[in-house]
Every structure is written in structure tokens, then in C-alpha cells.
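Participant: What follows is the residue order along each chain.
Number of protein chains: 4
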Amino acid sequence: MTTNAPICITARVRFGDCDPAGIVFTPRYGGFVFEAAETWLEAVMGLSVHQQLNKGEIGTPVRSLTTDLHRSLRPGDRFASTVYVEAIGRTSFRLLVIGRRGDGVLSFVGRMTCVTTDPSHRSAMPLSEMYQQRLTQYQADCGDIPAIA
Amino acid sequence: MTTNAPICITARVRFGDCDPAGIVFTPRYGGFVFEAAETWLEAVMGLSVHQQLNKGEIGTPVRSLTTDLHRSLRPGDRFASTVYVEAIGRTSFRLLVIGRRGDGVLSFVGRMTCVTTDPSHRSAMPLSEMYQQRLTQYQADCGDIPAIA
Amino acid sequence: MTTNAPICITARVRFGDCDPAGIVFTPRYGGFVFEAAETWLEAVMGLSVHQQLNKGEIGTPVRSLTTDLHRSLRPGDRFASTVYVEAIGRTSFRLLVIGRRGDGVLSFVGRMTCVTTDPSHRSAMPLSEMYQQRLTQYQADCGDIPAIA
Amino acid sequence: MTTNAPICITARVRFGDCDPAGIVFTPRYGGFVFEAAETWLEAVMGLSVHQQLNKGEIGTPVRSLTTDLHRSLRPGDRFASTVYVEAIGRTSFRLLVIGRRGDGVLSFVGRMTCVTTDPSHRSAMPLSEMYQQRLTQYQADCGDIPAIA
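Residue numbers (the working numbering), protein chains in the order written: chain U, 1 to 149; chain H, 150 to 298; chain B, 299 to 447; chain C, 448 to 596.
Hint data in this document are derived by calculation from the structure and do not stem from the laboratory.
Glycine included, each C-beta is placed from N, C-alpha and C at the ideal position.
Treat the hints with care, as some may be off.
Anything over 12 Å on all C-beta distances counts as not near chain U; from chain H, calculated [as the list claims (entries may be wrong)]:
hint	residue
1	Asn-153
2	Ala-229
3	Glu-235
4	Gly-238
5	Arg-239
6	Arg-249
7	Leu-284
Label pairs and their calculated CB-CB ranges [stated by the list, open to error]:
hint	chain 1	residue 1	chain 2	residue 2	range
8	H	Arg-161	B	Gln-430	46 to 56 Å
9	C	Ser-570	H	Gln-200	17 to 27 Å
10	C	Arg-521	H	Gly-251	29 to 39 Å
11	H	Ile-297	B	Met-423	40 to 50 Å
12	U	Met-125	C	Arg-569	39 to 49 Å
13	C	Asp-550	U	Lys-55	14 to 24 Å
14	C	Ala-594	U	Lys-55	55 to 65 Å
15	B	Ser-426	H	Pro-268	56 to 66 Å
16	C	Thr-457	U	Ser-128	31 to 41 Å
17	U	Asn-54	H	Pro-268	13 to 23 Å
18	H	Arg-161	C	Ser-575	40 to 50 Å
19	C	Arg-518	H	Arg-161	38 to 48 Å
20	U	Gly-104	H	Asn-153	44 to 54 Å
All chains should be built: construct the whole structure from the sequences, respecting the hints.
Facilitator: Structure representation (C-alpha cells):
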């Protein structure tokens, strides 16, 4: 499987993403990170979260989700979320999602740690060979993770 | 001002909080943390986020929001979010929100770091005396933060 | 089964329910209506949407959801949503949800038409005797629907 | 101003748009309708909801939002929302949003009635000449509204 690494999705901030301060509502950045990861999963692993659930596949539930906010986004702002694999563990891996406003200014940095679970989606299991191989390949394809600033 | 420390809010997971896996959608836990912090702010600081914006008050925008997930919540589950002050810095403070299912099982742990800003809500400023005093008092009122498990 | 008819749920508008105009984001009123209906279903029909899905029960998917807005709600506003059964059809029923601000001012009027489906949740089926009986009883228990104004 | 009438936006259903039934959460369709209207407003009226608020422009708050559901959308489904002007009143206008799945199957039909208000966004006012002209022109550009089925 080939992808254009790193995966980058672009979107536009909608009115409903924002709060009375006129900026994106803080927990919504976590949603932006999840959406980028969703696209990444499909492109790199070849299946969607939905398919994981319905096809008896290995699951990748989230163990932790963090967002560091650098510059607020406002309604209408275009932004790009770029996905890197920051760490590969024994039973988990961590995605790094860097969100930049259309003009390149750093907006948010998200990290999402996913555990691989057996198809019952209950118990953690070591990364399968396919996960190991594709995560490692994706890291290589991305090259160095850019300094965040 | 007196509060019943620690502040604890209870809620029930709604159908719409949950995703096709039948559990709370991951970024929604960040919303639960925000909502607990919102209640805490009003009880301890005596004003709402909304009032901060509209009354020329010191603001407390979020610099980072993290959620660690221990046990998924499902539709109809009751849960309680308890708010602690975990750290008091020079221009920021960090809230710790511990979410437990109705039966006491640990579900999520959130951390939200807020920066205090001048009333223009643009630039960080040192914690005012009132913030320092109330944060410190709240910490004392809460006693030791319970071990998370 | 007895209920305190009409079912009324109270809530408080949260910061994250609101948009940059400082009022509840329009589609969120549909969420308020759904949440009231969710509570009503559990109280009157004795099972949750979640249980419908998992226990092979008759389903009640939504065919239409409408919200008429009379007065905007703002962060911190308390409001009450009261649920009535407005119409009982052959394969569907319509709930009316009247939302009032804490001071009694009319805020929103929602209508949600639900179709009853067989346990596969695919095809509409006539209301079961239990649905007919409970919907009719609830209507009787509620008495006249108050004039909306 | 010229537009490619009718305005049509395409999107893909995300995991987080969906509920435990594995389909888009009902109130979320209202969000899809709002998002289509948001794009329409900017393309046809030349300004965003956000700019209405901040630039002392005529406002177009929503008086009612309805969604009729024909076929559920699922995670990953592509869909297109096409926006028509269904009615032009004295102080309001009504948008019709037709949502079709990627394969053309009708999914949802939304209607959103907007009131024009003076720049204080408080009181309804007759449609300005610009609104009348552009709404009428858009209707003409769209031609007949297709039969919904």
C-alpha cells in the first residue's frame, strides 16, 4: 500500500465549531484530531473505525487524547491537520497531529494513543505484524517529524 | 465564598454522546471535563466563562486539555466528575477532573491547563491575587488529591 | 407503570452549547428535543434507545425532527423541556416538546415523529398494543396540551 | 455576483457524527443543513454568519429548522447537500436543503426559515433590497426545484 505521507487533511472552521468567545470550542480540537486520525487509519491501515467494529478486525480504541492549543481558530479559517506516528509500543501506538491555520501559523498539537485490541475490542494485544509493518513504514515515509513551533 | 470542596458534578451519558461502538465518543470526554471545569469556575471564582467575556474580567482560556481513558461509559451510565486544582503556576493553573462511573469505577482523568489573561483575553498575565487566594484556598479545602485508580 | 405526566426535564445551557452569537447553536435545540424524548421513552415505555437496539425490541427511529425558535437561550440559562404526545398514527407517533426558560418564557417548540419498526429496525410496522396503550394513557395523564405562547 | 446555482456542498459522514445505532445521530442532520446554509449565505449573500455579527450587518437568525429523514447515512458515506430558496417572505425567507447519498439516494430534506433582523440582531425587519434581489436571482438561477423522492 502506498500513501502520500504524511497524511494531511484540510478543513474549514464552521460557525457551529465555535463558542461565544468567537473561537473554536476547546474540546472541538479533540474532534479535529480524531477526524485526522480517522482519515489516517483508513489510508494507512486500509480500514475504517466502522469496519473494525463490524468485520471482526483488530480494534484501536483510544487510551488518551491530548490537545495543546497555540493559536485559536475562528469561523471560516482554513486549517490543515498533518498526521505523524510519534511512537510505536508493544500494544499501542501514538499519533501526533499538527494543526496549522491556512497561513501556516501553528494552531494546535494533538496526541492520540491507541491500544490494539483483539476483535472483541476488550483486551489489549500486542501489535500485529501488519500494524508493526505499516506503522514503521509510515514513519519512514514521513521522515523526520518537523519541529513544532 | 464557601464551597463544598471538592466540586463534583453528576450527569448521565446520553445516546447522542455515544458513537457506533456504543460508548462515549472519545472527544466527548473532553467536553465532560470542560463542563466540570465550567461549574467549578462559577462556584469557586464566582463567575462564568460567559461573564468573563462580557464583563471585562480576567479570562482563563485553555492552553491544554488532556483526557486519559480508563473505562468506557455507555448510554444511560451515571457518572460523577470531581474537580481538583492540581497545580498553580505564575500565569496559569491546572485543573484535574476525575470521572467515575456511578458504581465508583474510574472512567476518565482529565487535565485542563488555563492561562489567566488580561480582560482583552489576548495576553497572559500573572495570576491576580484573587485567583491565587481562591485557588490556594480550594486546594486546602480539598485536602489530598486521591490516588487515581 | 405510572409516571408523573407530563414528563419534564430541566437542564442548564452550557458554554459549549452556544455559538459565536452568544446563544444556543440552532441545531443544538434539536439535541435538546432528542434528550427530552430519550427521557420520556425510558419513563413511559420502560426502555432506552440503547436497549431497543440491543435487546431485539421494537425500534422507534425518527422520521422527522422540527424546532421552532421563539426566544434564544444563553449560557447559564436554566430551561425545562416538557414532553407531550401530540399524535398517534398507525405506524408512528409524534412527540411535542415545549422548552421554556427558567422564568417561564417560551424558548423552543420541538416535534419529533417516530416510526415503530420491527426488531431488525428496518421496516415500519403498526404500533404494538403496548405502544398504543401507553401512548394513549400518557395522553390522558397529560390532559390538554397547553396553548403555546 | 455570480454563483453556480444551485449551491451544493459535499461531505463525508464521520464516525463521530454517528450514534450507537451506527447511523448519523438525528439532530446532526440539522447540523448538516446549517452547514449547507452557511456555505450558501457566503456564496450568495457575500458574507458569513460571523461577519454578520461583527460588521453591523443585517442578521439572519433562524426561526425554524426542520429535518425529514428518508434514508440513514452511515460512517464513511459521501453525501451532497443542495440548497434552494423555497420561499421569500416580507421579513423572512426559507431555504430548502436536499441531502443525497453519493449514489443519489435521497437521505434528508431540511428546511430553515431565517428572519432578517436589523444590525442589533434583535428585531425583525423587512428584507432589504439586496436580500430581495439576490434571493430572487438565486431562485431564477436554480430553475425549478426538483421533485423530492
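Participant: Of all the hints numbered above, which does this structure not satisfy? Sort the numbers upward.
Facilitator: 8, 12, 14, 17 and 19
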